[in-house]
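Can you make the complete structure from the sequences, with help from the hints?
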Amino acid sequence: MPFTPSVLVTGSKSGIRKGLLSTYASRPTTAAFAAIRGGLDSGAVRALTAVEQGSKIVVAKHDASSRTAAVELVGFLKDNHDVSSLDIVIAKACIVKHFGPALKASARTISEHFELNHLAPISPYQGTQ
10 MPFTPSVLVT
20 GSKSGIRKGL
30 LSTYASRPTT
40 AAFAAIRGGL
50 DSGAVRALTA
60 VEQGSKIVVA
70 KHDASSRTAA
80 VELVGFLKDN
90 HDVSSLDIVI
100 AKACIVKHFG
110 PALKASARTI
120 SEHFELNHLA
130 PISPYQGTQ
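Counted from 1, the sequence shown has number 113 at position 104 by our numbering; the numbering is strictly sequential.
Certain hints may be false.
What the hints assert, rightly or not - Below, computed lysine-lysine pairings styled on BS3-like, alpha-carbon distance capped at 25 Å:
#1 LYS65 <-> LYS87
#2 LYS65 <-> LYS27
#3 LYS101 <-> LYS65
#4 LYS87 <-> LYS70
#5 LYS65 <-> LYS106
#6 LYS70 <-> LYS101
#7 LYS27 <-> LYS113
What the hints assert, rightly or not - Computed Cβ-Cβ distance ranges for the label pairs, DEER-style:
#8 LYS113 <-> HIS90: 41 to 49 Å
#9 THR118 <-> LYS65: 34 to 42 Å
#10 SER115 <-> LYS65: 23 to 31 Å
#11 LEU29 <-> PRO110: 30 to 38 Å
#12 ASN126 <-> ASP88: 27 to 35 Å
#13 GLY84 <-> GLY109: 37 to 45 Å
#14 PHE108 <-> GLN138: 31 to 39 Å
#15 ASN126 <-> ASP96: 22 to 30 Å
#16 PHE108 <-> PRO11: 45 to 53 Å
Keep in mind that the hints were calculated from the coordinates and are not lab data.
Everything numeric in this text was worked out from a predicted model, so none of it was measured.
Cβ atoms here follow ideal geometry from the backbone N, Cα and C, with glycine treated the same way.
What follows is the structure in structure tokens.
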């Protein structure tokens with residue numbers, strides 16, 4: 010059975026992205042891919058809602074802090090789930106390790122925040138090209 014659309018949502022174990030994943034998965038013939046840091050071992054997997062008859066949720070491991078994670082994720086989807094394209098990609102990563110003023114944050118901390126919060130979300134798109 011062909012799944013249309015195919016939707017990838019990173020960080021979909023909680024919050025609005027979990028809601029988006031569940032909403033897409035509640036539609037007929039939709040393949041919803043949940044890319045979460047813990048992968049199948051995550052307790053969050055059990056919390057994903059049931060899907061519409063003829064749809065599916067596939068959980069895949071994705072750690073946005075890894076520079077190779079996006080390519081590995083896309084490879085996993087291609088090799089294990091015969092995904093040749095994605096119709097929708099919702100990608101966001103976020104960390105907060107410094108709660109004080111920017112004046113007191115180290116350059117390393119600022120760089121880490123910038124890389125994960127601003128650059129990492131483009132990686133899943135790049136991994137599909």
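Hint consistency between LYS101 and LYS65 [alpha-carbon to alpha-carbon, up to 25 Å]: 22 Å, holds
Satisfaction of hint between LYS27 and LYS65, Cα-Cα up to 25 Å: Distance ~14 Å between LYS65 and LYS27 Cα, so the pair holds.
Pairwise beta carbon distance, PHE108 to GLN138, judged against the given window 31 to 39 Å: 36 Å, holds
Pairwise hint evaluation, LYS106 against LYS65, where the allowed Cα distance is 25 Å at most: 35 Å, violated
Satisfaction of the hinted span 41 to 49 Å by the C-beta atoms belonging to LYS113 and HIS90: Holds, at about 46 Å.
Whether the CB-CB distance between LEU29 and PRO110 falls inside 30 to 38 Å: 33 Å, holds
Straight-line alpha-carbon gap LYS65 to LYS87, limit 25 Å: Holds, because 16 Å separates the two Cα atoms, which is no more than 25 Å.
ASN126 paired with ASP88, Cβ distance criterion 27 to 35 Å: 29 Å, holds
Hinted pair LYS70 and LYS101, Cα distance within 25 Å: Given pair LYS70, LYS101 holds - Cα atoms ~15 Å apart, limit 25 Å.
Range hint compliance [Cβ, GLY84 to GLY109, 37 to 45 Å]: 40 Å, holds
Consistency of beta-carbon spacing, ASP96 to ASN126, with hint 22 to 30 Å: 25 Å, holds
Beta-carbon spacing of THR118 to LYS65 - inside the hinted bounds 34 to 42 Å or not: The hinted range 34 to 42 Å holds for THR118 and LYS65, with Cβ atoms some 39 Å apart.
The earlier numbered hints that this structure contradicts are 5, 7, 10.
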